[in-house]
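Undergrad: Please build the complete structure, drawing on both the sequences and the hints.
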Amino acid sequence: MKISSSRSSNMNAWPIVKGDTFYSIAKRYGTTVDNLKSLNPKVDPSSLQIGYKLVVSGLKATYHTVVKGDTVSALAKKYGGTIIQVKDWNKLDSSYTIMVGKKLRVQ
17 MKISSSRSSN
27 MNAWPIVKGD
37 TFYSIAKRYG
47 TTVDNLKSLN
57 PKVDPSSLQI
67 GYKLVVSGLK
77 ATYHTVVKGD
87 TVSALAKKYG
97 GTIIQVKDWN
107 KLDSSYTIMV
117 GKKLRVQ
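Heads up: the sequence shown runs through residues 17 to 123, numbered per the numbering used here.
Read the hints as simulated data drawn from the structure, not as lab findings. In this text, all values refer to a predicted model and were calculated from it rather than measured experimentally. Each residue gets a CB set at the ideal place from its N, CA and C atoms; glycine is no exception. Heads up, a few of these hints could be off.
Claimed, not checked - Label pairs and their in silico Cβ distance ranges: (1) Tyr112 / Lys43: 17 to 25 Å; (2) Gly35 / Ala77: 17 to 25 Å; (3) Leu108 / Gly35: 20 to 28 Å; (4) Pro61 / Val116: 18 to 26 Å; (5) Ile66 / Ser111: 21 to 29 Å; (6) Lys84 / Pro31: 41 to 49 Å; (7) Thr113 / Lys93: 26 to 34 Å; (8) Ser63 / Lys94: 33 to 41 Å; (9) Lys119 / Val49: 26 to 34 Å; (10) Ala90 / Ser63: 15 to 23 Å.
Claimed, not checked - Below 20 Å or equal to it, Euclidean Cα-Cα: the simulated DMTMM-like pairs (lysine to aspartate or glutamate) are: (11) Lys84 / Asp109; (12) Lys43 / Asp60; (13) Lys119 / Asp109; (14) Lys58 / Asp36.
TA: Structure, rendered in structure tokens:
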């Protein structure tokens with residue numbers, strides 16, 4: 017998943033830019049707003065400061081190599097996500113087609 021040339025999904029800190037919200041950052045990292053809040057207890061989500069760096073360590077993506085019998089629904093359930101998240105992270109088609117051997121982001 018490409019975020020931008022200067023920011024990646026495995027950084028320890030996320031620099032706030034205009035338009036960022038706890039929700040958008042949590043979604044980007046495949047986590048919840050509550051989890052992001054727990055990593056940044058002194059930050060008020062309603063008044064984020066541009067340039068401030070949120071702690072996002074521990075929010076690294078998890079990948080799964082598809083085996084025969086896997087479904088997007090089962091993988092989402094197994095890893096605590098949603099089928100929409102798995103679809104979006106992996107740019108799946110509207111039929112949620114996955115192929116054996118493909119590495120999918122699942123968390």
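Undergrad: Find the hints from earlier in the document that the structure breaks and name them by number, from lowest to highest.
TA: As far as the earlier hints go, 4, 5, 7, 10 are violated by this structure, in ascending order.
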